[in-house]
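Put together the whole structure using the sequences plus the hints.
The numbers in UniProt numbering rise by one with no breaks, and the one at position 55 of the sequence shown is 55.
Simulated from the structure, these hints should not be mistaken for laboratory data. Idealized CB from N, CA, C, for every residue including glycine. Heads up, a few of these hints could be off.
[Said to hold, decoys possible] With beta-carbon atoms standing in for the labels, derived distance ranges:
{"no.": "1", "residue 1": "L151", "residue 2": "G91", "range": "42 to 48 Å"}
{"no.": "2", "residue 1": "T88", "residue 2": "F123", "range": "23 to 29 Å"}
{"no.": "3", "residue 1": "F123", "residue 2": "E153", "range": "33 to 39 Å"}
{"no.": "4", "residue 1": "V118", "residue 2": "P94", "range": "21 to 27 Å"}
{"no.": "5", "residue 1": "V96", "residue 2": "K160", "range": "57 to 63 Å"}
{"no.": "6", "residue 1": "T99", "residue 2": "R140", "range": "34 to 40 Å"}
{"no.": "7", "residue 1": "A108", "residue 2": "R82", "range": "20 to 26 Å"}
{"no.": "8", "residue 1": "L74", "residue 2": "V96", "range": "38 to 44 Å"}
{"no.": "9", "residue 1": "G91", "residue 2": "Y148", "range": "39 to 45 Å"}
{"no.": "10", "residue 1": "A122", "residue 2": "Y148", "range": "28 to 34 Å"}
[As the list claims (entries may be wrong)] When the alpha-carbon atoms are kept at most 25 Å apart in a straight line, the in silico DSS-like pairs for lysine-lysine are as follows:
{"no.": "11", "residue 1": "K152", "residue 2": "K162"}
{"no.": "12", "residue 1": "K97", "residue 2": "K77"}
{"no.": "13", "residue 1": "K97", "residue 2": "K83"}
{"no.": "14", "residue 1": "K97", "residue 2": "K86"}
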Amino acid sequence: MQSSELISEYIVFSSCSISGKTMFHKWDTVTHSICPVQIVIFHMISKKRTSLESYSSLCLAYTPFTAKLAPRHLWSKPQLGRKPQKTTRFGSDPTVKATWRFIRSWIAQNHKLYYTYVLVCAFGVYQFWWYSVVGYYQRRNHHRSLEYAILKEKEWLLIKPKEEEEEEEEEVPAAEGGEAASTGGDAEEE
Numbered sequence: 001m002q003s004s005e006l007i008s009e010y011i012v013f014s015s016c017s018i019s020g021k022t023m024f025h026k027w028d029t030v031t032h033s034i035c036p037v038q039i040v041i042f043h044m045i046s047k048k049r050t051s052l053e054s055y056s057s058l059c060l061a062y063t064p065f066t067a068k069l070a071p072r073h074l075w076s077k078p079q080l081g082r083k084p085q086k087t088t089r090f091g092s093d094p095t096v097k098a099t100w101r102f103i104r105s106w107i108a109q110n111h112k113l114y115y116t117y118v119l120v121c122a123f124g125v126y127q128f129w130w131y132s133v134v135g136y137y138q139r140r141n142h143h144r145s146l147e148y149a150i151l152k153e154k155e156w157l158l159i160k161p162k163e164e165e166e167e168e169e170e171e172v173p174a175a176e177g178g179e180a181a182s183t184g185g186d187a188e189e190e
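Structural data, given as structure tokens:
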């Protein structure tokens with residue numbers, strides 16, 4: 001058998017000029033399937049024709065593709081067909097799916113509705129974060145607010161004890177003859 005006849009038994013899959021290796025496919029009689037074979041090529045393109053025996057001595061690496069795999073009875077082949085959708089329990093709810101279908105079919109096709117939807121979503125995000133951050137701060141620090149101070153001031157005015165009115169003598173200036181004039185002068189000067 002000539003090398004050209006040998007080449008006709010294989011189907012060239014790909015070639016690599018750097019390593020000199022070419023990938024071939026060969027019919028495997030044991031598994032009755034096409035088996036990729038890796039052959040190192042040195043004299044394949046040479047002018048001289050070689051026999052099958054001499055060419056097989058040139059095949060330095062014969063590596064079936066299935067050699068690295070598990071035994072055939074342990075193979076698990078994926079089932080062909082549509083696989084179930086990977087979602088959360090919330091996302092698989094029919095109402096949620098219908099809502100997304102409505103948004104896709106009606107809102108996303110209508111420009112005014114779509115931009116209204118975008119603004120509503122932006123407003124919702126803003127409100128969520130405002131109440132989460134600023135509202136949290138306000139709830140924890142209500143005792144520092146101005147409203148709380150005004151409320152406490154009103155409560156204090158209601159419960160504050162009444163002051164006893166003492167009759168204090170008002171000091172009369174010395175020219176009118178008050179206490180300072182009767183003593184004859186300032187006590188500090190003495």
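The hints, checked one at a time:
| no. | hint | in the structure |
| --- | --- | --- |
| 1 | L151 x G91: 42 to 48 Å | holds (47 Å) |
| 2 | T88 x F123: 23 to 29 Å | holds (25 Å) |
| 3 | F123 x E153: 33 to 39 Å | holds (37 Å) |
| 4 | V118 x P94: 21 to 27 Å | holds (25 Å) |
| 5 | V96 x K160: 57 to 63 Å | holds (59 Å) |
| 6 | T99 x R140: 34 to 40 Å | holds (35 Å) |
| 7 | A108 x R82: 20 to 26 Å | holds (24 Å) |
| 8 | L74 x V96: 38 to 44 Å | holds (40 Å) |
| 9 | G91 x Y148: 39 to 45 Å | holds (44 Å) |
| 10 | A122 x Y148: 28 to 34 Å | holds (33 Å) |
| 11 | K152 x K162 | holds (18 Å) |
| 12 | K97 x K77 | violated (31 Å) |
| 13 | K97 x K83 | holds (17 Å) |
| 14 | K97 x K86 | holds (13 Å) |
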